[in-house]
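Sequence lines, in order, name chains A and B. Position one of the first sequence corresponds to residue 1 (my numbering), numbered consecutively onward. Position one of the second sequence corresponds to residue 1 (my numbering), numbered consecutively onward.
FYI, nobody ran anything at the bench for these hints, they're computed from the structure. Ideal Cβ placement from N, Cα and C applies to all residues, glycine included. It is possible that part of the hints are untrue.
[Said to hold, decoys possible] If you want the footprint, here are the derived chain A segments under chain B, 3+ residues with CB under 8 angstroms:
hint, segment
1, 88 to 101
2, 144 to 151
3, 162 to 174
4, 238 to 252
5, 270 to 284
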Amino acid sequence: MSFKIIVLAKQVPDTRNVGKDAMKEDGTVNRAALPAIFNPEDLNALEMALHIKDNIKDSTITIITMGPSRAAEIVREAMYRGADNGVVVSDRKVAGSDTLATSYTIAQAVKKLGKFDLVIAGRQAIDGDTAQVGPQTAEKLECPQITYAEEVIMVNEDKIQIKRRLENGIEIVESKYPCLITVHGSAKECRARHAKYLMKFKKAKSNSELQELGQDYSAIWNEKPYLKIEEWSAADIMAEDSRLGLTGSPTKVKKIENVVLTQKESKILTPNDEDINNLMKELISSHILG
Amino acid sequence: MNNIFVYCEVTEEKLIADVSLELVSKGRKLANELDVKLEVIVCGDGIKDIEGILYPYGVDVINYAKDSRLFPYQTLPHFSIVTKLFQEKKPEIALFGATSVGRDLAPRIASFLRTGLTADCTTLEIGNHTENKTGKEYKNLLYQIRPAFGGNIIATIINPDCRPQMATVREGVMKKEIVSAKYKGVINFLKVEDYTKNDDFCLKIIERHIEEQKINIKGAQIIVCGGYGMGSKENFKLVHELADVIQGEVGGTRAASDAGMTEHDRQIGQTGVTVRPKLYIACGVSGAVQHRVGMQDSSKIISINTDPNAPINKIADYTIIGDVLEVLPKMIKYYKANTK
Ligand SMILES: Cc1cc2nc3c(=O)[nH]c(=O)nc-3n(C[C@H](O)[C@H](O)[C@H](O)COP(=O)(O)OP(=O)(O)OC[C@H]3O[C@@H](n4cnc5c(N)ncnc54)[C@H](O)[C@@H]3O)c2cc1C
Ligand SMILES: Nc1ncnc2c1ncn2[C@@H]1O[C@H](COP(=O)(O)O)[C@@H](O)[C@H]1O
Chain A
1 MSFKIIVLAK QVPDTRNVGK DAMKEDGTVN RAALPAIFNP EDLNALEMAL
51 HIKDNIKDST ITIITMGPSR AAEIVREAMY RGADNGVVVS DRKVAGSDTL
101 ATSYTIAQAV KKLGKFDLVI AGRQAIDGDT AQVGPQTAEK LECPQITYAE
151 EVIMVNEDKI QIKRRLENGI EIVESKYPCL ITVHGSAKEC RARHAKYLMK
201 FKKAKSNSEL QELGQDYSAI WNEKPYLKIE EWSAADIMAE DSRLGLTGSP
251 TKVKKIENVV LTQKESKILT PNDEDINNLM KELISSHILG
Chain B
1 MNNIFVYCEV TEEKLIADVS LELVSKGRKL ANELDVKLEV IVCGDGIKDI
51 EGILYPYGVD VINYAKDSRL FPYQTLPHFS IVTKLFQEKK PEIALFGATS
101 VGRDLAPRIA SFLRTGLTAD CTTLEIGNHT ENKTGKEYKN LLYQIRPAFG
151 GNIIATIINP DCRPQMATVR EGVMKKEIVS AKYKGVINFL KVEDYTKNDD
201 FCLKIIERHI EEQKINIKGA QIIVCGGYGM GSKENFKLVH ELADVIQGEV
251 GGTRAASDAG MTEHDRQIGQ TGVTVRPKLY IACGVSGAVQ HRVGMQDSSK
301 IISINTDPNA PINKIADYTI IGDVLEVLPK MIKYYKANTK
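Isolated chain B, as found in the complex (with noise of 0.2 angstroms):
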């Protein structure tokens, strides 16, 4: 069998992204449990430490795409150099984040590639398959996991017969693990001009404005998260107000940043952001599988909810059956009055 690659972003400050360390991390177990090596690629200039940083989570080969007119990252140049290095190695399996750049840059090498590309997957495993009318069997496929739509389901995708299997995953999804500080592999340095056309530096960047972050939940210890059932923008101010009393970020579901209560970077959940706080708050929120996937490892979970048989109330530790209205007031007051 092949080996499994993982597709390493490179950020602002010239680090590996924490999302393809991740990955990287994940890639290592499913690379182990069918015993194949583990590959990355970078495309990029100038990453500091690039190997020490690496070997660390287990990879056993760097594909380094040296150039410094790889970053900042750009479709074309990337996408034939994976392309080409994929059609070289034939990975079995390939794992992009699920980020501005690894969605933009997937799919391409997917359609490009002619195989399988599952979105937003929350698990990932090895798992073996049958096919029902032919009776053929496959052994060691990626299971590719992920809330489907509608209802309280989730799906197992496979890709049975392209290669390579590919998924793409959200950060904070999978968790970032040193295998060991000894851990050495090898780099293999890609000669640019060999991988890549004149043509693929056709577009023009003109400007770039990077920020940090404004918003970030993912690191928060206490979440306050509002749903739908806020009812309006308005109403929504009694989350931030909750938040910012007890000192903690503010989540939001996509019914509430769809309907325009609060922002899309804050929405928590299989397309949003994953988090694990120690203290979870949901006001007005139904708890939706595709919800549920991005918080339910909180280590308390509280709900507020006037509907008693809310499948969020199923996986709290506590359920407040009552409205956010009226309980968030007095959470507000108390906090206040019982706290220097």
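Pulled out of the complex, with its shape left as it was, chain A reads as follows (with noise of 0.2 angstroms):
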């Protein structure tokens, strides 16, 4: 038997670690100053990957991505860590996509896959923290879904257990496959990158890699398959236009505003200790402490 398993990854831009140059003058993001990073759950949602393979035999694990083509990194990324191939899912026509345009095209690229067992992906991006795209992809699938996993209990061809990271506790559930389930942050660490993999992806390229470098893989691609990325456009999936990008998303920004702070009126301090210790006194005898 042969276990399928798709990994849904992300690029975002690297909120957490946002520079003095990372906004432009109008307030807005300059995204060409973040790094581009693996979204962090889903390098979670890789390992549980990664840890399932080990334990059922004659696993293979998929990435989808769905962004610009240069996403081709993520999956090289994944690669390095023990994925065994990976598609980028690109096309004009699904940009400004919101996440229920996003997740009829992920659905979409998992159905051309063919038939799988688990789809797993990260809890949710850190551009948005929406964590919506896994539930709305597992009801596209039609399958359970298993959300905020932490840890995999017990693993075997026919079920899977899983422990839930919950607001307040914790829970176990048992499921079959198919279903989809999402990964959190709490979960193991993902694995490094791996010598042996290194050495045999570090030339994994996808198409438009190749155009932008001005080489030709037919060659090598004949010979060792395992170095193509796969990138499918909309046409690739048999997506309904109306269904991708800004057309396909009933969301829709009206407007955006910059907040205007208007100084209140702030008392300005040094670190003497006169000053501390007479805002301390103020807040003691006006009993805001103590």
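Join the two chains, each given in its own frame, into one complex according to the hints.
Listed below in structure tokens is the structure:
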């Protein structure tokens, strides 16, 4: 039996290390100045997939990422850690997707891959913190979902037991296949790159990457098909245009407002003993403290 | 126009969750503005005095799917019940708590109904909209307002063409308000067999441990919040020390918890907890809009920051321009020396 695992991974701007030049004059994000990273919880998802692959012989892990063609970097990064192959879903038509259109696109790509046993996603992407794409993809695939997974308690070819991390506790649930799991950041961190895989997949490329480099890989791909990072367009995944991108997104941004902070009557203090002691004294005497 | 719906969560104690009562209160106001009824949907069993609890908040209809299999929460049965009810009643607006239940359920429902869903709204309002290209006018849409990624920006999201207009809101963002102890609605029992399939109960719950929340900053009167400017987990202990001596709670920013300086449960802001303490001390916090929406209603704000231009200073009552590592020990020392 071959067990098929699909991992959903997104390339995101690193909102955790927003540097000084990350904002433009008008207060919007300068995406160019933010490094693009593997969404952190998607790395936890990849680790869970690798763990399952360690336990079920003949498993394969396929990465699906939707984004600009540079998102092929994500697929390669996952391959260095043990994923078998990956697909970049890239098309001008998917630009501006909200989570409904994103999950539709991703579900179409999953369907093109054929029968699967598990889809594993991150809980949420740090550029939006929405945590919607996982459950929405599960609905489109008409399979059960297990959200906020922290640990695989038991796994075999028939069923899986997952510990879920809830707001105020934990829950262990059991599911048959197929099902979709979203992984919480408290799950095990992803293993490091493996030298063997690094050597094997270093030259893996997608079509657009090759075009940009002006290289021709047809001979190489013939000989080593694993070096091909698939790239699919909207047509490849048989998507209806009306359900993609901005057109397929029911939510619209009506307006974006810059918050102008009006200065409160703020007292400016120095870190001198006197200033601090006076402040503390005032807080105590006005019964805000003590 | 059709009615507004709130999905009510049931707690371990078989009560209606606070976040749901907050949403019901908001839903009541929106319903008044739109001149429609407010309905709730509750899935569970053995809920104590469900009518006595809900009506005073202004609920007109309680749709109650009463079945012991519906507690504890499981995605598929709740999903089937709510989607079927929504298909029958076609709500104008549907609100969910941004909790581990609401964030599991609402997206799956939105996907099935092919409608929009906005996560973690900080304000909900009613307003009109004119489509730029076509000139088409929309009356009385739900403005789903939340900070947007990057900079000091707040985005108003609308969902003009699909229904329901769906949003999730975190606990503590809206205020719980009783309308009248005498307010009366009706209860509508749903026949669970008609709303679910046997397949919906395919997931087995093997074990559950639900604990009292260990960290509870929601109701704290004094909060000392540490940001990325604390520099390290080691330095962050100073935040705990100050909070301990002045009997406050410790909060954190997302940057501080992402960096491992403190627990995620302490995160204050749009995607964390919303707080309104008497005193809020921000230590090395820049004051990004996602953080401010969770604390700007604090009565008194003190900011300690080396950068005189940090946005948090603008909303602070006192700004100490200085290094937290120098200032916090001085505050601790003075307080210890001058109180019993
Ligand atoms: C979708 C989304 C949701 C988010 N939700 C939240 C949320 O709920 N809560 C939240 O907090 N953030 C949230 N954020 C992140 C938010 O945008 C900011 O990145 C974050 O709040 C910044 O945290 P900070 O102020 O600790 O760090 P920084 O912005 O890095 O600020 C550190 C501050 O410390 C000061 N400083 C440095 N050294 C010292 C010193 N020695 N002494 C004194 N001051 C010093 C600096 O001058 C600076 O002002 C979210 C972001 C996104 C994209
Ligand atoms: N563009 C994308 N490509 C691949 N996976 C995605 C994409 N967007 C979201 N996901 C997956 O869905 C999860 C939740 O995303 P979100 O709903 O945006 O918070 C992420 O952690 C990913 O696993």
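Checked hints:
1. 88 to 101: holds (count 3)
2. 144 to 151: Result for this restraint: holds, n = 5.
3. 162 to 174: Holds, because 9 residues of the segment 162 to 174 of chain A bring their Cβ atoms closer than 8 angstroms to Cβ atoms of chain B.
4. 238 to 252: Held - the segment 238 to 252 of chain A has 4 residues with a Cβ nearer than 8 angstroms to chain B, which meets the minimum of three.
5. 270 to 284: Holds: 11 residues of the segment 270 to 284 of chain A have a Cβ under 8 angstroms from chain B.
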